[in-house]
Amino acid sequence: MVLWSQEPSSGDFAEDPFYHSCEAVFNTHKKVFRTALVGVGAEEEKQPVLCIELEKQLSDGEQKQLIAELKDIAQKHEMTKCIHQFLIHPQFPVDIRHNAKIFREKLSSWAEERLS
53 MVLWSQEPSS GDFAEDPFYH SCEAVFNTHK KVFRTALVGV GAEEEKQPVL
103 CIELEKQLSD GEQKQLIAEL KDIAQKHEMT KCIHQFLIHP QFPVDIRHNA
153 KIFREKLSSW AEERLS
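If you're matching positions, the sequence shown starts at 53 in the numbering used here and goes up one per residue.
Hints listed in this document are in silico derivations from the structure and should not be mistaken for laboratory results. Take these hints with a grain of salt, some might be off.
Straight-line alpha carbon distances no greater than 27 Å define the calculated DSSO-like cross-link-like pairs of lysine-lysine that follow [said to hold, decoys possible]: (1) K83 to K133; (2) K158 to K116; (3) K123 to K153.
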């Protein structure tokens, strides 16, 4: 049984409205610079993980508070209720030509390592 699919409907993460819609929910938080939704786990048991890049460095306590706030936000939106894992990443891997295109595959591998 597939719990969540990492593959975007269009075949391209950057163009998939589902990913942008989910991420936009969290990107409005004042302490969040940007987010990236990735999947971890075996294909038939893939789970969504929201990776978070911060506006500025936070203490451990502030990071825990932020994650609690983002979990509350997730439960308020039908499309984000399935997201239960949140990880703060120091700086997203991006295409150096654009500094905007996030390498989600690298983030997914990083998230998988952090959660194992």
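Taking the hints in turn, this is what the structure says about them:
1. K83 to K133: 21 Å, holds
2. K158 to K116: Holds - the C-alpha atoms of K116 and K158 are around 24 Å apart, at most 27 Å.
3. K123 to K153: 25 Å, holds
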